[in-house]
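J.: Now for the letters of each chain:
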Amino acid sequence: MIKAGIDIGSVTTKCVIVNDGIISGKAITKTSVNTEMVADNVLQKAIKEAGIKEEEIQEVISTGYGRRQFKKANRFITEISAVAKGGYILNEKKRCLIVDVGGQDTKVVEVGDKGEVVDFLMNDKCAAGTGRFLEIMADVLETDMDGFSSLAMSSKNPVKINSTCSVFAESEVISLITSSTPREDIAAGLFNSIASRIATMIRQFRHTDRIFFCGGGAKIPALKSYLEKTISQDIIVLPEPQFVVAYGAAITE
Amino acid sequence: MKKGNGFISEEYLDAMKYLWGKNKDISFDYKKYTEKYRNLSGLKGMEFFYDVIAERKLKTDKPVIGYFCNSVPEEIIMAAGAVPLRLCNQDIHCAEAGEEIIPGDICPVIKAICSGLQNDIKPDILVIPATCDGKVKLAEILSSAFDNIYFIDIPRNSDYTENIDLWEATYLKFYEYLKEKFKVKISRKELLNACKITNERTSIFRKIYKLRAEKTGIINAFDYFTITSASFLIPASDWTKHTEILYNQLLNREIKTNYRKNLLLAGSPIIFPNFKLLEITEEAGCYIAADILCSSYGHLFDPVKIDEETEKGIIRTLTLKYIAPSICPCFLGIDKLINAVIENVEKYGLDGVIYYNLRLCNVFELEIPVIRSVLKDKGIPFLALKTDFSREDTGQLKTRIEAFMEMLE
Amino acid sequence: MRNKISFTRRLVQIISFILLVYGGYIFKTRLHTETGKPLFPALEAPEGYMSTTQFKKGSILWPSGTNPVLENYPPSLVCRFNPKGGLFKACIFHFISENLTWQTPVKYLLPHLTLFILLCFLFGRMWCGWVCPIGSIGDFITSIRKKMNIPARRFPDGFKSGLRFSSYGIMGIGFFISGLIGVPNFARFQCYWFLPYCQICPARLICPLFGLIKPGWKDFETAVTSMFTILAWLVMGIFLAAFYFGRRIWCHLCPVGLINSFFNKGAGIELKKKAVWCNKCGLCADACPMGLKEMYEKDSDGIYNQNGCIMCLRCVEICPKDGCLSASFFGKKITESKLK
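Top line first, the protein sequences correspond to chains L, C and E.
Under my numbering, the first sequence is numbered contiguously, ending at residue 626.
Under my numbering, the second sequence is numbered contiguously, ending at residue 424.
Under my numbering, the third sequence is numbered contiguously, ending at residue 1422.
Rather than coming from a laboratory, the hints here were simulated on the basis of the structure.
Some hints here could point you the wrong way.
[As the list claims (entries may be wrong)] Listed below are the simulated DMTMM-like cross-link pairs for lysine to aspartate or glutamate, each with C-alpha atoms no more than 20 Å apart in a straight line:
1) C:230 to E:1383
2) E:1242 to C:180
3) E:1086 to C:174
4) E:1356 to C:350
5) C:362 to E:1376
6) E:1228 to C:229
7) C:351 to E:1221
8) C:393 to E:1381
9) E:1420 to C:229
10) E:1375 to C:229
11) C:362 to E:1404
12) C:211 to E:1376
13) E:1356 to C:174
14) E:1228 to C:324
15) C:391 to L:582
16) C:362 to E:1383
17) L:466 to C:326
18) E:1228 to C:174
19) E:1375 to C:350
20) E:1229 to C:324
21) E:1229 to C:229
22) L:403 to L:519
This is chain L alone, in the form it adopts within the complex (with noise of 0.2 Å):
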């Protein structure tokens, strides 16, 4: 049986096309005004990918933000389910915590034994916390994500951020360029600062044994490392972290 899942975000879409639930075919692309347009794109560019004619897939499942505005779609679930069983999946079927950073919003799901979602957690409405607050300090910090990642990892001092709205802490770290803290120190501080606010969405839930990590975030090397000393405990990102929602929801029933 061949289904389609599409994740359209605020930032990129995804959409993974899974044969038996084995994915035979994944694509990305960035998120534009007409999602619909976009959502089409990118899951024709899986077609092509997966070798495979659009007529064979059997279902198409959309979830995301924008998952109402794809009208190909033959259901939509919610990128909570999605994730949730995306997550369950990839990590042998056991009870566990899944943090999803997105460029919208910061998700933390817990999965029971049978992979339904037990609780879950979203982070507010704005944008502190979120891949979107990364990407404003890599521009502020005149540098792209890789580059902020491995700033942030080379630091030995963290400097302290106290805003957590990403307005202000875009005031704060000019304030601190012009008062010439080194950008290492300053980008290490700002991954600290999203570390702790993630962490205490983990926090609010019991059983923390095991974590993964996916979401777009989850491909920033600094993120989990930050993430991992916050809560100290070992974080495991799953595997392709961008496409788990997509994947979930293409395997689901």
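Position chains C and E relative to chain L; hints supplied.
T.: Frame of chain L, contents of chains C and E only:
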């Protein structure tokens, strides 16, 4: 309370007067809004309530006493021959206009009240209880627009054993004030009569509350919260009469429902124009089977049960209706809230709890971790939502509520 | 009916008042005089000991009644000063005091004690709230106060426990004197110190009133009887004031109620609370005529038979939450709280 002219500047007064003068322009087109919800259910008995909301006029020749919150004894006002009018306002346009005179980072309810009242009627006396900090300062701010403001200072510990005498004294003071103000003699008979009227209202409200909880889909959330919002604006006896008509219609109503889950709504109040959350829940197929909000449950659920029919005895019992059982987070005593949540969930077999937290109302937010942990122990699914009157976060709320529904299934 | 329980309670109080106070008039001729002796033989005072019938007319301890029809001892009183009150002879305090003085062997007391304990086991202190004629008179005084629009005076918890403590004192002293004068060496004091508590009990002044006979209201024959008479009037004053201002505050002091209260916990009648349904409005504590607060304060399901509780069930009646409070009899629910 003293009028604030002495220390409030002319400029501020002008701003205030300007706002209050134009309050008709800034508020919603209520008629249009009521039409939207009115057609959804098509219940005949609802017409009256939607008309009340749309017109927002109180037809009375008696003096009108406006008040906020749930801690002002309506019975005393009614016994004094006046009409109580609850003025709590959740109009987004009012809230935005209110930012002209008070800072933006304030609870939207306070901002909305500051910018003028929803009603065309200007009350003769405005009664403001010291429930939250915002209301306390509100009394001062509004004193520049109002001549007669009465401030009820309520102790914040809602434990009967500790504060009952203080409450009694507070209410007695209010009682004496009204007697003096209107130059009336209030006898026991009038107090008892007023209690009878509100008790009748309570008993019909409880019937509707029970019916709604037991029969999924019998009344949709818009209709229900319109009824409760209307109870702010019309005399209790009118409300009772029309609710009874509605109740009899509901009993014979055929239900065809596509609701997926029955939930309990707890947290901040929901008053008419602010139906954003309800729109989302209805769309997601979640039935608000019960609620413990102060705008409906808190306002209408508790009766006055008089032990001693003496004047002081009645007033003492009134405090046991308004303050002691209050689940307002401004009071000390979260156990009451938790009891109410668990009671409703267990009694009516509900699937989960949504806790609606009005942004910038910190007391509500402070309760969330406690409730979350208690309900987790009990195995009751719980979702906390933080939002305000604006519609920009509709998408996020939708995701959360839909995910919550998926989680329950 | 708006107040079902209160109404029933009033009815029971009136009926039992009539039965206890005037029962003798109703039943005596038929049951007592025809057979010539009581249905159940009473305990006779041993030879040479002070008996209830050995006093002169007009003396403080002159029993105003004749021999009772049923010589048994339900936990509440029908007192020796009850004119023609021949249906029951009931006051447990009187019974124990009397027999301490007579030094009656326990085997003779056993049937009476068993009956008393059995009734206590069934109803606990329910007698105070539903049957006790003194309490009924008190409730009548309270209702006059309500009509006069005078609010009830409420007393601090410390005061109430003080009264209970005093009650222990009264019981102890009463039994001690009764026992002491039973010892042959002190037998000469019997004449004036017999039944010391009965001599100051408000029933001594009240009960004869209802039979329209001349009571021992001004017995100033000797120093001891004068003392008792003065004390009795003092207690009477306290009694009236207590019922007028403080609802059932008197019942904290009453030693008969104290003895009954030992059986409250574990009694057949039980007050129950469903803690989760409680909205903590405090009405149960506010309406309690004994001013007990445990029902409000405790947050657990279970049985709430407090020591002071007179089982008037006012809390069950006034609770505004449907089904939160309930009263049951050996696990079978009798009544539960309702809005109306």
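J.: Looking back at the hints listed earlier, which ones does the structure fail to meet?
T.: 1, 3, 5, 6, 7, 10, 12, 17, 18 and 21
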